[in-house]
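In order, the protein sequences belong to chains A and B.
17 is the number that my numbering gives to position 17 of the first sequence; each next residue is one higher, with no gaps.
6 is the number that my numbering gives to position 6 of the second sequence; each next residue is one higher, with no gaps.
Hints may be right or wrong, so weigh each one.
[Said to hold, decoys possible] Beta-carbon label-pair distances, calculated as ranges:
(1) B:LEU68 x A:PRO40: 25 to 35 angstroms
(2) A:THR72 x B:LEU26: 29 to 39 angstroms
(3) A:ALA14 x B:CYS13: 37 to 47 angstroms
(4) B:THR119 x A:GLU64: 30 to 40 angstroms
(5) B:ARG10 x A:GLY29: 37 to 47 angstroms
(6) A:PRO79 x B:GLN42: 43 to 53 angstroms
(7) B:VAL3 x A:LYS77: 38 to 48 angstroms
(8) B:LEU68 x A:ALA14: 47 to 57 angstroms
(9) A:GLY29 x B:PRO40: 47 to 57 angstroms
(10) B:THR82 x A:PRO96: 30 to 40 angstroms
(11) A:PRO40 x B:PRO86: 42 to 52 angstroms
(12) B:PRO86 x A:LYS112: 41 to 51 angstroms
(13) B:GLU59 x A:PRO96: 12 to 22 angstroms
[To be verified] In silico lysine-lysine, DSS-like type, Cα no more than 25 angstroms apart, as pairs:
(14) A:LYS112 x B:LYS41
(15) A:LYS77 x B:LYS41
(16) B:LYS55 x A:LYS109
(17) A:LYS22 x A:LYS58
(18) A:LYS49 x A:LYS77
(19) B:LYS66 x A:LYS49
(20) A:LYS22 x B:LYS41
Just so you know, these hints were derived from the structure itself, not from any lab.
Using N, Cα and C, we set each Cβ at its ideal position, and we do this for glycine too.
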Amino acid sequence: AQSVAQPEDQVNVAEGNPLTVKCTYSVSGNPYLFWYVQYPNRGLQFLLKYITGDNLVKGSYGFEAEFNKSQTSFHLKKPSALVSDSALYFCAVRAPYSGAGSYQLTFGKGTKLSVIP
Amino acid sequence: GAVVSQHPSRVICKSGTSVKIECRSLDFQATTMFWYRQFPKQSLMLMATSNEGSKATYEQGVEKDKFLINHASLTLSTLTVTSAHPEDSSFYICSASVASGGGDLSTDTQYFGPGTRLTVL
């Protein structure tokens, strides 16, 4: 079974400072890893993903994430936080495609990011 | 690209009535669509996976007779909450995976709709 852990319910950061939202995962095989952002009463917006290749993945709105296989982590980062980055962030994992059901994503519980002006 | 819409965005209904929620992929064809439920301040819970032209696969604990899913075309899936009760009140979100040959869109990524807020009185 696959699982995702986001150890922080909330992260507070001052505007202009770097931010990190943590994620660790467990899955059989090479992981497909995703970050999504959710604004209040809205669906999820895709930020970035790691499938293969460079461990540092760049995504939308200046976000990036680093895949670390030995630590089974996929932390989301941004060099300089904006107030508009305040939202709920979800990390998700799935296994490589291996038949029916393997496209299913398993989500972490989410981390609320608050960027303080 | 990869726009998924849901209709309605918000619905309030009386207990015992049925409610239909539509999920459409607007600019791509979706091999697979997923239906999630999200409670306040919680993560997404996968309810079912549907593939065009076949029966949906429901997750354990999800009543298939209560949550009817139809995926009649590569761009439309519907979720019908039958005989809704207050405990069915929730935020329902759909997502879609791109069929192969979807241009720049990745087949590995789920693209999410904006969600439907259901309130059952």
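In rising order, the numbers of the hints this structure does not comply with = Per hint list: 6, 7, 9, 11, 12, 16, 19 violated.
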